[in-house]
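2 protein chains.
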Amino acid sequence: MSASAEIHDIEEGLALQPKFDASGLLTCVATDAQSGDVLMVAHMNDEALRKTIATGDAWYFSRARQSLWRKGETSGQVQRVVEMRLDCDQDAVWIRVEQTGAACHTGRRSCFYRAVTATEGGTQLSFVDADRLFDPKAVYHK
Amino acid sequence: MSASAEIHDIEEGLALQPKFDASGLLTCVATDAQSGDVLMVAHMNDEALRKTIATGDAWYFSRARQSLWRKGETSGQVQRVVEMRLDCDQDAVWIRVEQTGAACHTGRRSCFYRAVTATEGGTQLSFVDADRLFDPKAVYHK
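Chains as they are written, first to last, in numbering that gives the first Met the number 0: chain A, 0 to 141; chain B, 0 to 141.
Honestly, the hints are just simulated from the structure, not real lab data.
This one's a predicted model, so the numbers in the text were calculated from it and none came from an experiment.
The C-beta atom is built at its ideal place from N, Cα and C for all residues, glycine as well.
A portion of the hints provided could be inaccurate.
[Stated by the list, open to error] One-sided excerpt, in silico: chain B residues whose CB lies under 8 Å from chain A:
1) S61
2) Q65
3) M83
4) A114
5) V115
[Said to hold, decoys possible] When the alpha-carbon atoms are kept at most 27 Å apart in a straight line, the in silico BS3-like pairs for lysine-lysine are as follows:
6) A/K18 <-> B/K136
7) B/K18 <-> B/K50
8) B/K18 <-> A/K18
9) A/K50 <-> A/K18
10) B/K18 <-> A/K136
Bound conformation, chain A alone (with noise of 0.2 Å):
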């Protein structure tokens, strides 16, 4: 195949040919199935991505731990998943889900806990959807 005619394939075609990073990752968007936030960013390697869409709960690659790791297995935030999307050029996913609790460890919501102003000269944070629905102490003990 001609490279235009592959990358045709690649964005138009209806077979899964997931383009993997130099580390075998994909990245992975997890938003809520209700209200449309973002929850978290993660990235599912081969493995990860078909356990995914075979069994309906998300799984992930931990880049920290270099292990599989289905959401939830030890805090039971689990994330069931309503839909999978696959971007143009398949090297990301968007899955909206339905989060039991919490999707950060930090027992936030969201991962994105934080938003971003500008300020005069520079950048600030704030503390926005905050709460937190567990103790990451009591949930992960350490």
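We have chain A; now place chain B onto it with these hints.
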């Protein structure tokens, strides 16, 4: 600072301390401020992040072209940032945007125009919200 104090500072602090990857990039998720749909996933280097914060227009860093890029500078399909959020470990940002026209270079509103579903023994893609809002050949002249 100890490692745990440093993590606490990154997760609970009000200072922007972006954790760029080995290529100097953050992951950025852009969602439609009205519908909540994920429009695209792209990357920002330090300059793109600072220009986005300072100007309120979305700027990215293209890994393919290795260059800074103001979203819409060629296509006219600009993104005005309504809100920027930062995630717990400061390696990803979420921007809620007012998208002019279409975010995807294929002419679709969102890059995520295909759904992934499980079939017996495999997966299948299907087009969802895949109408083109512009003709990429006319816009990009290629």
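Results for each hint:
1. S61: Check failed: Cβ of B/S61 comes no nearer than 12 Å to chain A, outside 8 Å.
2. Q65: 15 Å, violated
3. M83: 4 Å, holds
4. A114: 6 Å, holds
5. V115: Given a least distance of 4 Å, the restraint on B/V115 holds.
6. A/K18 <-> B/K136: Holds, at roughly 24 Å.
7. B/K18 <-> B/K50: 17 Å, holds
8. B/K18 <-> A/K18: Holds. B/K18 to A/K18 sits at ~24 Å (cutoff 27 Å).
9. A/K50 <-> A/K18: Between A/K50 and A/K18 the Cα gap is close to 17 Å, so the pair holds against 27 Å.
10. B/K18 <-> A/K136: 24 Å, holds
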